[in-house]
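Residues in the sequence shown are numbered from 6 upward in steps of one, following our numbering.
One thing to keep in mind: the hints can contain errors.
Said to hold, decoys possible - Below, computed lysine to any residue pairings styled on SDA-like, alpha-carbon distance capped at 20 Å: (1) K168 - L78; (2) K168 - S155; (3) K168 - A89; (4) K159 - R138; (5) K160 - G61; (6) K160 - A146; (7) K159 - S85; (8) K168 - R150; (9) K168 - G156; (10) K168 - L52; (11) K168 - D54; (12) K160 - R106.
Please keep in mind that the hints were generated in silico from the structure rather than gathered at the bench.
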Amino acid sequence: RRDGRDYVRLHERRLALHGDLTSAAAQHPTHYVGFDCGTTTGFAVLLADGTRASSGTISGEILKGEGPDFRFLRIRNGASQVLASLSGGRSVVVGYELVERHVVDGRPNTYAAQVYGGILATLLCLLGERGIRQYVGIPVAEVKRVGAGSGNAKKDAMVAAAKRQWSLPDVEEYEAEIRTVKLATIK
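With the hints as extra help, turn the sequences into a complete structure.
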C-alpha cells in the first residue's frame with residue numbers, strides 16, 4: 006500500500022502540466038471531481054480530505070429520433086450540474102481517466118475512440134468556460150496501478166479495490182474506476 010506522500014507527489018506532477026501550483030486553489034482545493042468519460046460517464050466528488058461528497062452517472066445514450074449531438078449535450082449538461090453544485094469552481098481539481106487507445110478483442114475500436122474523444126472535448130471545453138484550469142488526465146494503466154496495484158488489473162480487481170478503500174456495499178464499476186482516478190489525484 007502506498008503512503009500519502011506518493012499520491013501528493015503524483016497530484017503535484019500531474020497538476021504542473023495544466024495549472025499554476027503557486028495559486029491558492031492548487032495548494033488548497035476544496036473539492037476533487039473525477040470523470041470517467043464514456044457513453045455512461047461516471048463522476049465522483051470528494052472533499053479535500055478525501056471524504057466522499059457525491060457520485061453518480063450521466064447518461065449519454067442516444068434515444069430514438071435523436072441525433073448524435075444529443076450524447077454530447079447530455080454529458081455537458083450533467084457535468085455542468087455537477088460543477089455548478091460546488092463552491093465557485095475556482096478551488097476545484099478535476100481528474101479524468103485518460104484513455105490512449107481503444108481496443109476490443111485485440112483490434113482497434115475506432116467508434117469508441119471517436120465517442121470518447123468527443124466526450125473528452127466536451128468536458129474540457131466546459132472546464133475552460135468555467136475557468137477551471139486545475140485538471141489532469143491520468144492514463145488507464147496508472148489508474149489501475151494506483152487502485153489495484155497493477156497497471157493491467159482487470160475490472161473485477163478495480164471494483165474489489167474500491168470496495169476495500171471506501172467500504173461501500175454497492176460500488177458499481179464506474180464508481181470503482183472514478184474513485185481510483187480520485188485516489189491518484191489526491192491521497
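Comparing the hints with the structure gives:
1. A hinted pair counts as satisfied when its Cα atoms are at most 20 Å apart, and K168 with L78 does not qualify at roughly 32 Å.
2. The straight-line distance between the Cα atoms of K168 and S155 is roughly 17 Å, inside the 20 Å bound, and the hint therefore holds.
3. Taking the CA atoms of K168 and A89, the gap is about 28 Å. The hint is violated against a cut of 20 Å.
4. The straight-line distance between the Cα atoms of K159 and R138 is roughly 32 Å, outside the 20 Å bound, and the hint therefore fails.
5. A hinted pair counts as satisfied when its Cα atoms are at most 20 Å apart, and K160 with G61 qualifies at roughly 18 Å.
6. For the proposed pair K160 and A146, the alpha carbon gap of about 12 Å is at most 20 Å, so the pair holds.
7. A threshold of 20 Å between alpha carbons decides the hint, and for K159 with S85 the separation of about 31 Å lies outside it, so the pair is violated.
8. Between K168 and R150 the alpha-carbon distance is near 16 Å, which keeps this suggested pair within the 20 Å criterion.
9. With a C-alpha separation of about 18 Å, the suggested pair K168 and G156 falls inside the 20 Å cut-off, and the hint holds.
10. Between the alpha carbons of K168 and L52 the distance comes to roughly 19 Å, so the proposed pair stays at or under 20 Å and holds.
11. Of the pairs offered as hints, the one joining K168 and D54 holds, with about 19 Å between alpha carbons and a cut-off of 20 Å not exceeded.
12. For the suggested pair K160 and R106, the alpha carbons sit about 17 Å apart, so the restraint of at most 20 Å is met.
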